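J.: Sequence:
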Amino acid sequence: MAVDAVDSFFFGPPSSVPFADLPDHDWDTVLDALGDASLVHAPHYPPFEVTFAYASAERRERSRFVPENDGQRVAWDGELLRFSFAEERSVEVRTVAVRADRVASSQRDFREAVGEERGRSLADPTGDQRAVLDAAIDSEYAEAPPLSDPFAAVVDAVSTDDGVAPLVRYDGDWYFARLARPD
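Numbering (the working numbering), first residue to last: 62 to 244.
Simulated from the structure, these hints should not be mistaken for lab results. Any given hint could turn out to be false.
Stated by the list, open to error - Now the in silico label distances, taken between C-beta atoms and shown as ranges:
(1) 123 with 241: 17 to 25 Å
(2) 204 with 184: 17 to 25 Å
(3) 204 with 147: 42 to 50 Å
Just so it is clear, the structure is predicted and the values come from calculations on it, not from any experiment. All residues carry an ideal CB built from backbone N, CA and C; glycine is no exception.
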């Protein structure tokens, strides 16, 4: 999609939507594409391109920027920007799932639940143990029986009488630790 500044008198009084009224997804995408938004007021602001990628059909339907709205005008800080479509194509949109677990309701409770005294520090892991830890940090590390010696050593190092230490110190950083058995 190409975007350029519009001389409002050239087209007469065009209909436009205020930037602040755009749906969140459109607002974020346009703001990212503008970069230095102060340049919009330059006398000959050069056209720029914006790519809108929709993770779902529902999000696409809520967007103001679809081919059916070619020539959409957006009022940005006293300037009109015209959005015109160059092409529409299917793309793969990567998504990431994030899970949050409630640990405590206050900082004090948090310190008590996962404080340093309940953490474990891994000093001088072997290269194979580092590979296990690095894979677990990047996403997760899973191993099925028979367990390798490096994995068993890592599990042993982070284990406590109550299970797994909630925090593990590795290479100078603290990580939340969790051990799950496959179903």
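J.: Identify every previously stated hint that the structure contradicts and give their numbers, smallest first.
T.: 1
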